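J.: Using the sequences and the accompanying hints, generate a full structural model.
Going down the list, the sequences are from chains A and B. Read in order, the letters of the first sequence are residues 1 to 175 in the numbering used here. Read in order, the letters of the second sequence are residues 176 to 532 in the numbering used here.
Among these hints, one or two may not hold up.
Label-pair restraints from in silico Cβ distances [claimed, not checked]:
(1) B:177 with A:36: 24 to 30 Å
(2) A:32 with B:411: 33 to 39 Å
(3) B:230 with A:142: 38 to 44 Å
Calculated from the structure, these hints are not laboratory results. Just so we're clear, the structure is a prediction, and the values are computed from it rather than from any experiment. We treat Cβ as the ideally placed atom computed from N, Cα and C, and that holds for glycine.
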Amino acid sequence: MPFSISLTVNGQPNSIALDDPRVTLLDLLRERLHLTGTKKGCDRGQCGACTVLLNGRRINACLTLAASLDGSTVTTIEGLADGTDLHPVQAAFIACDGLQCGYCTPGQIMSAVGLLSEGHAGDDPERVRELMSGNICRCGAYQGITQAVLEAGHVLSQKTVGPNTGLQESGRNAA
Amino acid sequence: MNRFDFIRPASLAEAVTAAAVPGSVYLAGGTNLLDLMKIGVTRPERVIDISRLPGLDRIEWLPDGGVRIGALVRNADLAYDTRFATTYPAIAEALLSGASAQLRNAATVGGNLLQRTRCAYFQDTASACNRREPGSGCDALHGENRLHAVLGWTEQCIATHPSDFCVPLAALGAVVEIQGVEGRKDIPIENLHSLPDATSARESALLPGDLISGLRLPPEAAAFSENARYVKLRERASYAFAVVSAAAMLDMDGDTIRAARLALGAVAAKPWRAHAAEAALVGQRATREAFEKAATAALADARPSGDNAFKITLANRILVRALTLAHEGTPKVMPALPASPFPEQHIPAPKGDLHVA
Ligand SMILES: Cc1cc2nc3c(=O)[nH]c(=O)nc-3n(C[C@H](O)[C@H](O)[C@H](O)COP(=O)(O)OP(=O)(O)OC[C@H]3O[C@@H](n4cnc5c(N)ncnc54)[C@H](O)[C@@H]3O)c2cc1C
Ligand code: SF4
Numbered sequence: 001m002p003f004s005i006s007l008t009v010n011g012q013p014n015s016i017a018l019d020d021p022r023v024t025l026l027d028l029l030r031e032r033l034h035l036t037g038t039k040k041g042c043d044r045g046q047c048g049a050c051t052v053l054l055n056g057r058r059i060n061a062c063l064t065l066a067a068s069l070d071g072s073t074v075t076t077i078e079g080l081a082d083g084t085d086l087h088p089v090q091a092a093f094i095a096c097d098g099l100q101c102g103y104c105t106p107g108q109i110m111s112a113v114g115l116l117s118e119g120h121a122g123d124d125p126e127r128v129r130e131l132m133s134g135n136i137c138r139c140g141a142y143q144g145i146t147q148a149v150l151e152a153g154h155v156l157s158q159k160t161v162g163p164n165t166g167l168q169e170s171g172r173n174a175a
Numbered sequence: 176m177n178r179f180d181f182i183r184p185a186s187l188a189e190a191v192t193a194a195a196v197p198g199s200v201y202l203a204g205g206t207n208l209l210d211l212m213k214i215g216v217t218r219p220e221r222v223i224d225i226s227r228l229p230g231l232d233r234i235e236w237l238p239d240g241g242v243r244i245g246a247l248v249r250n251a252d253l254a255y256d257t258r259f260a261t262t263y264p265a266i267a268e269a270l271l272s273g274a275s276a277q278l279r280n281a282a283t284v285g286g287n288l289l290q291r292t293r294c295a296y297f298q299d300t301a302s303a304c305n306r307r308e309p310g311s312g313c314d315a316l317h318g319e320n321r322l323h324a325v326l327g328w329t330e331q332c333i334a335t336h337p338s339d340f341c342v343p344l345a346a347l348g349a350v351v352e353i354q355g356v357e358g359r360k361d362i363p364i365e366n367l368h369s370l371p372d373a374t375s376a377r378e379s380a381l382l383p384g385d386l387i388s389g390l391r392l393p394p395e396a397a398a399f400s401e402n403a404r405y406v407k408l409r410e411r412a413s414y415a416f417a418v419v420s421a422a423a424m425l426d427m428d429g430d431t432i433r434a435a436r437l438a439l440g441a442v443a444a445k446p447w448r449a450h451a452a453e454a455a456l457v458g459q460r461a462t463r464e465a466f467e468k469a470a471t472a473a474l475a476d477a478r479p480s481g482d483n484a485f486k487i488t489l490a491n492r493i494l495v496r497a498l499t500l501a502h503e504g505t506p507k508v509m510p511a512l513p514a515s516p517f518p519e520q521h522i523p524a525p526k527g528d529l530h531v532a
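T.: Structure follows, in structure tokens:
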């Protein structure tokens, strides 16, 4: 039962023919659209490596059926930077050493972007840790990750009136 | 994952008709269904996508003082709805203690209610499991069962229901609205999940095609907002299912308990409302002795189903703690992160510009 969906990915509209409804958003991104920045870790919602923004909100791409997404907007790690200008969250991860091997990093960064636009953590590291708990880091870079999220939050709130505005500007499709 | 037909109905009526055909399942957020399809535990012939059915994603305040929550409201949206969280803080606290921020953004109200057990043998298609394959037996009975049920189990099945959300819902007497082939009906949440009996491990009261369209909280559920807590014990600080959890809510008249609502999570195949314990608290002063008496009453019928006698003691203590915390008052900010191991180690937030080399 082949059918097609329209999906805007990183600002790019796509019409995608699906010959099999079993394709997850994660597999679609990696194997059909060749956006391999989004990682496959556990493939069962337990690690967060596949975190992307769906209609502006962070979700696990591995537990999302592509067929159900007709008309949606997706932002992946590839869609964050503006040319060579890194998104403040990307820059903060580098500045704060928020990674070691790097495999979980795209998911961590997308999750952090989602967290900052949700706006429930403030500058409380305890809440940052709690709200980042859906992203596991096998290297244990949590200290740097928490610091990076806090720092990016500061940068975004200084840049503009509120963190939301800043994120929507930089994460073009986040709204 | 097996092959299936993907069906996207345009209306509730179309969805119910489509799902009444044997071999069909509903897809909402997909966070439990897809997981189970990937490991071959659920092998549907037809997936009925209800994730975008119109009209089911609203929180409506009712004239009688209650509230109606559409089945497609996302777990995160409900927990962060200011009016909802202020009126029913223990529900918000339970929602925010579940899964991860990503999963709560995707998970729906209906899907959370109907999520399946986390029993490892249920998830392993090589094991015997009466839930997955009626009549095949229960490998958990003599297996790794330290997290299994201590209330309401039979040798047919000793699994627990894993939802946090359902626990305060049961305590507050939520009513589940069902749309079925025969029309609409209401089921109290206490009757939604079935306990196993001597011959079967049937999971819920739902019939083929039955769709949860929403749930309602009765007006009296709003009386507990000042003294309401959900306490969840986990094996790590976050992003883990409960070992045992408890929702405790008090309606205080000075220092006397006018009414109490109590339920336990992760102890049975359904959220376990403790009616006898609630009754034992009415008219009592809020003292530790009264809380301990109530906890004893709540667990009077508990018995280990395996290597899990510790859960009875634990549930007793978690209930006393939940009551004590509820009596202290609902915290101003949710979640209060009671299980955090890092209270003294706040990293000072860096000041100024990014120092990218
Ligand atoms: C890693 C991980 C950790 C988790 N931790 C927790 C936790 O700590 N606490 C907790 O409570 N939960 C936890 N969960 C479970 C999570 O809460 C559920 O997966 C989620 O709530 C299911 O909602 P959904 O909308 O995604 O449901 P789906 O996966 O879409 O559906 C689940 C089931 O419900 C049926 N269904 C869905 N909606 C309806 C409806 N309206 N009418 C009739 N049938 C319906 C589906 O057919 C399916 O059988 C965790 C999940 C994962 C993957
Ligand atoms: S406890 Fe229940 S779910 Fe687990 S194996 Fe036994 S029958 Fe299956």
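J.: Hint says 33 to 39 Å; check whether the CB-CB distance for residue 32 (chain A) and residue 411 (chain B) agrees.
T.: holds (36 Å)
J.: Quick check on a hinted range of 38 to 44 Å for residue 230 (chain B) and residue 142 (chain A), using CB atoms only.
T.: Holds - the Cβ-Cβ distance for residue 230 (chain B) and residue 142 (chain A), about 42 Å, lies within 38 to 44 Å.
J.: Kindly confirm whether 24 to 30 Å is satisfied by the beta carbon distance between residue 177 (chain B) and residue 36 (chain A).
T.: holds (27 Å)
Taken one by one, the earlier hints all hold for this structure without exception.
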